[in-house]
Amino acid sequence: MSSAVATHAHPPTSTGLDHRKIAIWAFIGSECMLFASLISTYLIYKGRSLVGPFPHEACDPPKCATHLNAILNIPVTSMSTFVLLMSSLAMVLALAAVENKGKPGYEGVLGSSKLWLLVTAILGTTFLGFQAYEFTSFVHEGLTIRTNLFGSSFFTLTGFHGAHVTAGVLWLLTLLAIDMKRGLGPKDALLVDISALYWHFVDVVWIAIFTLVYLIK
Amino acid sequence: MQDEEFKHTNPEIDIHAMGEMHEHPTWKEYKWVALILTVITVIEVWIYYTPFAQHALFVPALLLMSAVKFAIVVLFYMHLKYDHKLFKALFTGPLIIAMATLISLLFLFASHPKPK
Chain A
1 MSSAVATHAH PPTSTGLDHR KIAIWAFIGS ECMLFASLIS TYLIYKGRSL VGPFPHEACD
61 PPKCATHLNA ILNIPVTSMS TFVLLMSSLA MVLALAAVEN KGKPGYEGVL GSSKLWLLVT
121 AILGTTFLGF QAYEFTSFVH EGLTIRTNLF GSSFFTLTGF HGAHVTAGVL WLLTLLAIDM
181 KRGLGPKDAL LVDISALYWH FVDVVWIAIF TLVYLIK
Chain Y
1 MQDEEFKHTN PEIDIHAMGE MHEHPTWKEY KWVALILTVI TVIEVWIYYT PFAQHALFVP
61 ALLLMSAVKF AIVVLFYMHL KYDHKLFKAL FTGPLIIAMA TLISLLFLFA SHPKPK
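Protein chains in written order, with this note's numbering: chain A, 1 to 217; chain Y, 1 to 116.
One should not assume that every hint holds.
Unchecked claim - Lysine-lysine pairs mimicking DSSO-like chemistry, simulated, CA-CA at most 30 Å apart:
hint : chain 1 : residue 1 : chain 2 : residue 2
1    : Y       : Lys31     : A       : Lys187
2    : Y       : Lys28     : Y       : Lys81
3    : A       : Lys103    : Y       : Lys85
It should be emphasised that the hints constitute simulated quantities derived from the structure, not laboratory data.
Here the structure is a predicted model, which means the values were calculated and not measured.
Construct the complete structure from the given sequences, taking the supplied hints into account.
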């Protein structure tokens, strides 16, 4: 351990690792199981809806009162997926800016943690905007959480994910407020690292949802 | 435990508490990771609209690409490749349980007849 490290020593732990980072990884592990149960429920109910609208197929009478098109909008969701992937890039750049503040090569835009935190929050909010648009259009097309098994499992799964993104955006805005008030530097790297881990986890969950829910027919 | 030889280029960072075993990637490497993730996503969406979507290998191909994206984000963006082995255990342990539960439930319910 370097002498500089010793000056910022965290409270002693049996592993030598900060409790907060162990806690976030344990939390992420538990979240894996939560989302696995929600994805399992979606996949088990897939193709078992008695009435439309259906995700990938059109619905005609007598199953539906009128003709209903396949409800999933792949182009829109592909865009929101891209937005979330880019938010992960902005998040790692925010962490790198905090870790390397004042170092050569991290001047200007690249070293601005405020900018990258703001960009991440904006991209996260954009993703939520796409989700709000999707949910609204589904309701207008006759799919609610009570319509059929697809609606119940779809809104529960993507709604839980959206709630996680919302929490992540609030977390990012909190960090941004701290950064604007007193500035985030290398000593605060752990704080940003923990929020980045949560944000990337939200991203990897969406990677799974996008494939399993939207692309697999 | 900690690799005593590794020291972060910024001495103010408490690498020991953060569990970093190696230096994190640079922004140039992050840029390449983002490009790879984007290309894989474009391929996923593209094959959805091609006749390959009717092929038996469509679903395995999608699952493989999704798994690669998942692994890239976890290893590089979440720095699990560079971090302490305890963090790897805390993530992969529950992930294995989650995957086993998902696959078990799918097999369990596969025998239930679907409505016509």
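Worksheet entry | Hints the structure fails to honour | Of the numbered hints given earlier, the structure breaks none, since each of them holds.
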